[in-house]
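Participant: Fit chain B to the given chain A structure using the hints.
What follows is each chain in one-letter form.
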Amino acid sequence: MDKNISSKQVLNDMISRHYKEALEAKKSGELVAWATSIVPQELLETMDIKVVYPENHAAVLGARKDAPAFLQNAENNGYSNDLCSYARVNIGYANLKESAAGNIPMPDFIFCCNNICNTVIKWYENLAREMRIPMILIDTPFNHTFDVPEHSVKYIREQFHHAIGQLEQITGKKFDHDRFQEVMNISTQTARWWKKATALAAAQPSPFNGFDLFNYMAVIVCMRGKQEGLDLFKLWAEELQGKIDRGEGPWKDQPEKYRVMWDGIACWPHLADTSKILRKNGINLITSTYPDSWTIVYDSDDLDAMARAYSSNYANRNLAYGAGNIVQIVKDFSLDGIIYHSNRSCKLMDFRQYEVQRQVQEQTGVASVIFDGDQTDPRAFSLAQYETRIQALMEMMEQRKNERPGGQ
Amino acid sequence: MFLGIDIGSSSSKAVIINAQLEILGKAVFNTGAGTQGPEKAVGAALREAGISGDEIKFSVVTGYGRMTYDKADKQITEITCHARGAAHMIPSARTVIDIGGQDAKVIRLDKDGKVENFVMNEKCAAGTGRFLEVMARILDCSIGNLSSLSENASEEIIISNTCTVFAESEVISQLSSGAKRENVAQGAHKSVAKRVAGLGSRIGLAPDVVMTGGVALNKGVVAALEKEIGQKITVVENPQIIGAIGAALYALETASKLS
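Chains as they are written, first to last, in the numbering used here: chain A, 267 to 674; chain B, 11 to 269.
No lab work stands behind these hints: they were computed from the structure. Careful: at least some of the hints might be erroneous.
Unchecked claim - For each label pair, taking beta carbons as the anchor points, the in silico distance ranges come out as:
| hint | chain 1 | residue 1 | chain 2 | residue 2 | range |
| --- | --- | --- | --- | --- | --- |
| 1 | A | M397 | B | K237 | 51 to 61 Å |
| 2 | B | G240 | A | Q507 | 50 to 60 Å |
| 3 | B | N28 | A | L614 | 46 to 56 Å |
Yeah, the Cβ is synthetic: ideal placement off N, Cα and C, and Gly gets one too.
The shape of chain A in the complex, shown without the other chains (with noise of 0.2 Å):
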């Protein structure tokens, strides 16, 4: 990697090559997986498959303002408006197929799992069924407990292996374990080396600028088996660390003041204005749950392991957990406050987030404030209404500051 490419830069060609390459297998007859945003990609790594995932380029056409057409499209097809906007972007787009922020190839097979939520296993069994193709399921039972229960970590591997099964009827090849050691292996060090960036944003002053988590996050999505993955996040870090080293914070024409973490999905069609208004009040958005939910860490060796990880997304453990780990959070990042999207989309986010923002409030008395808002569907947010409640937990986070000895 040449040295004097910024990580920002490599990042950009990163994802338009992964586009442009998936497009360009297909064409060629290659095969070509959908997959969800936190599947055991590895399996389809091993196999040497292109997959691309629904929900990035969802995001992607969401923050280049052509999701309505999509969303419009699903909608006349029946699908209500009630459901997930990334699932109405993607059924709209299997259907179009053509969009001017970025085209994706349609899929020789779907691999799902749902350890994210559960509107994807309808979602892509739509997708299977429409298209004829087979579909994959790797189902992660949610865990009531604390921690992922062994009757669980047994289904999930023993899925593994079926996966393995359909994978090689699928593509006609035997399944490289070798391979799948190799694979595994840089997965896990792409995710500790995603985890060690991101943890970077501890610093005081923050090196991270706002909302580069969620432009970064596209790589641990995409290419997480990848070792140009891996070569990135170690880059990114390297580049962190040199900001902290040199005193540098978010902005170099004003301090960073607050630091909060953004609890959900963006709002990916009010990117610059979600950002624009947090900057304006001096709050540096420094962290979210991500970071933890791609940091998928097992022995090479060990499938157990790997499902228990796969298992684990906060997203699929219990309320304990939720509230746990963002105190956590608040903590190991000296966090002045936590803005929640209540995402419209996401039923499973918010079934839970004012229980959670009541925990946290009373374990870290952390201001912090809830607004309503969708992660592609534009019509779901209203940006005076958003600015009323940022600038209100400002003041708020503003008095505190004030409060504590010192005004720190």
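Facilitator: This is chain B only, laid out in the frame that chain A set:
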């Protein structure tokens, strides 16, 4: 002298105080952001105080229209200003319920009267003054008379739609099936009360519960809300100007910090 201006979606309020925290001038105009309302309110408050604009040392603007009003020295959100104003008027206040033209909020205060947490209505008019305006229009009565109309209710009517537009057609259909206007008026109050009580339950309604904002003038809503939350509600004197009082108090505080 210190000026607080509260520009809401349907009304503009201005308050002038002196360094001894006495209110010298106050005004309310029933037109809000994007109108001449803010200018008129400030002009009327200055006249009542008997001073000229030059004598204002510092001014703070709050409310929905705060971003577009460029004549104030500082802008602060209505959440912080209502909390400050309510705590100033009633120091024992721990919960402030403010129902304005297009939003409803419940603010929890700590023992020093500072904002501890708050919750606002989702992006819809349910549980707000606008909902009551729509209901008043269908019932062919002024917003000010909605409360007295509801006093003569004889039967409970439930308005089940939270969407203001759907509630409008629901009420029209009830009226056409012979429902009494008085009962519908009471049903409208109850609908707002349920919605706001729901917001309040999320963050806990610690006593004393104080109500501010224009809708606090509607006794029917206050009574319905007291019933819903099972607690007494103290309505502040001149509830409409509490946000502006809070803004004026911040103007005074900011000016003394600067000097």
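Participant: Please go over all the hints and tell whether each is borne out by the structure.
Facilitator: Here's how the hints hold up against the structure:
Look at M397(A) against K237(B): about 56 Å separates their beta carbons, and that is inside 51 to 61 Å. With their beta carbons about 56 Å apart, G240(B) and Q507(A) fall inside the hinted range of 50 to 60 Å. Our hint of 46 to 56 Å for N28(B) and L614(A) holds, since their Cβ atoms are close to 54 Å apart.
Consistency with the previously given hints is maintained throughout, with no hint failing.
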